[in-house]
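Student: Listed here are the chains, written in short residue letters.
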Amino acid sequence: MKLLTHNFLSSHVKGVGPRGFPLRLQASEVRIMPVEFNPDFVARMIPKVEWAALVEAANTLSLGEVPTEPIQGYEQNEDFLRTMHHILLEVEVMEGTLQCPESGRVFPITRGIPNMLLSDEQTEA
Amino acid sequence: MHSQKFVPNIFFPYQVHCLRSVDNLFVVVQEFKDYQFKETKEEVLKDFEELAGKLSWSDPLKVWKINTNFKKKKTKHKKINQNSSKEKIDNGQGDKRDEKDVKKEFTNNALDSHILDYYEKPAIKEEISTLVGDDLASCKDETDESSKEETSPEVLKFRVTCNRAGEKHCFSSNEAARDFGGAVQDYFKWKADMTNFDVEVLLNIHNNEIIVGIALTEESLHRRNITHFGPTTLRSTLAYGMLRLCAPQPTDIIVDPMCGTGAIPIEGATEWANCFHIAGDNNPLAVNRAANNISSLLTKSQTKGKLSCGLPIDAIQWDICNLPLRTGSVDIIVTDMPFGKRWDLVFLKMGFTFTCYASTHMSSKPVIF
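Chains as they are written, first to last, in our numbering: chain A, 1 to 125; chain B, 1 to 369.
If you are wondering where the hints come from, they were derived from the structure by calculation, not from laboratory data. Just so we're clear, the structure is a prediction, and the values are computed from it rather than from any experiment. Where a beta carbon is used, it is the ideal one built from N, C-alpha and C, also for glycine. Don't take each hint at face value.
What the hints assert, rightly or not - If you want the footprint, here are the derived chain B segments under chain A, 3+ residues with CB under 8 Å:
id, stretch
1, 273-279
2, 318-327
Said to hold, decoys possible - Anything over 10 Å on all C-beta distances counts as not near chain B; from chain A, calculated:
id, residue
3, Thr-60
4, Gln-72
5, Glu-78
6, Phe-80
7, Glu-95
Only chain A is shown next, with the shape it has when bound in the complex (with noise of 0.2 Å):
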């Protein structure tokens, strides 16, 4: 699972509507996967992206310095650019748990894919 992934996934235990964003991230296992870099790619996906949510999520995974916000300019910065592409894309969980951060409900990422399956009682009406 990508942290871009992580960044649009939000629990849906019965109840808690918009307070399940964001899955609380821990992870055991990690993989690098390298993806080619498009910096227009990355440039138009941050403002898709909750900010806070990422940097909780990288700072989990103890992927170094992010901004607390796009810094200014950010389009024409190819450093810049290029961290959040690794951050976005190249950092797979591969096992590890998501929380949901109102419920404390958990799911886990079994081979770099998170199940978001709820039992029955669980789930919205």
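Add chain B to chain A, keeping to what the hints say.
Tutor: Using the frame of chain A, we list chain B on its own:
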């Protein structure tokens, strides 16, 4: 292309093999838009026999020859690198329909600017120029032989495949293939071989339309991305078509919430690598197959000598009735819904719920089923 004089261009087969929505390729020998079938079976079959000798075969055979040389180069590369085993399903039924569509699709695509843009991609250009280079080198040796071929054709092995659709025919596809094939054999003095053939002659009959062609592809191209099949795997060519309908923009987030073996997102990650693709399914078998197909793709691109590169795609196990996606995160939803004779009304209900979720999660782009 069908009834015009066609001059084989050496670049042609390469570009044609890059067309992503095409299942099968064949060069047309002759097309009959409104064939007049005689009344009795005997007369119809006799006409087919006589037809073989009346067609102009030399240009299509030239194309076939260029194509065969091109494929030989490709197979050399492939055999060295192939390490994954393929499970194949028999899709004979579907192929019949597709070959007719291919002919139409092919002529449209030649003019389609999207395809032309595709040729401009550096990776494709590179592949084409390498293969052309190789082929030109070997072609030099063959130009001497080809002039000999006109007068003394090599003894090739061939078969005739007849695909027939239509209610008013008084003959079967087997009968047509057999009699047409017999005449082809007499005409060329080729050897008939159903399994180890060099030339596959196609006799495609759809109501009153007949196309005689020579196949340029052996394995239907729809299997290209999927090595791990499931019971209902969507053809990559169809997946490509569906994605095209969505007109993906760069950095669109494209989700298939019922991805099965992942045919659509995988085709997406290959062809629209400037978008991000999410493949989800509730069935653990399906998600695992999707993940395996993704890994196979990565292995494939590794063996081509490129840097081992990840792809803009992720797989998730989820319930479509409870998509764990934050509002406004998704741009496009495209999926092959599990409807049809195999499934019951439960899924119709699910489809409705799904539509509701689509409206909350999406930022106003189309949903394609």
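Student: Check the structure against each numbered hint from earlier and tell me which ones fail, lowest number first.
Tutor: none
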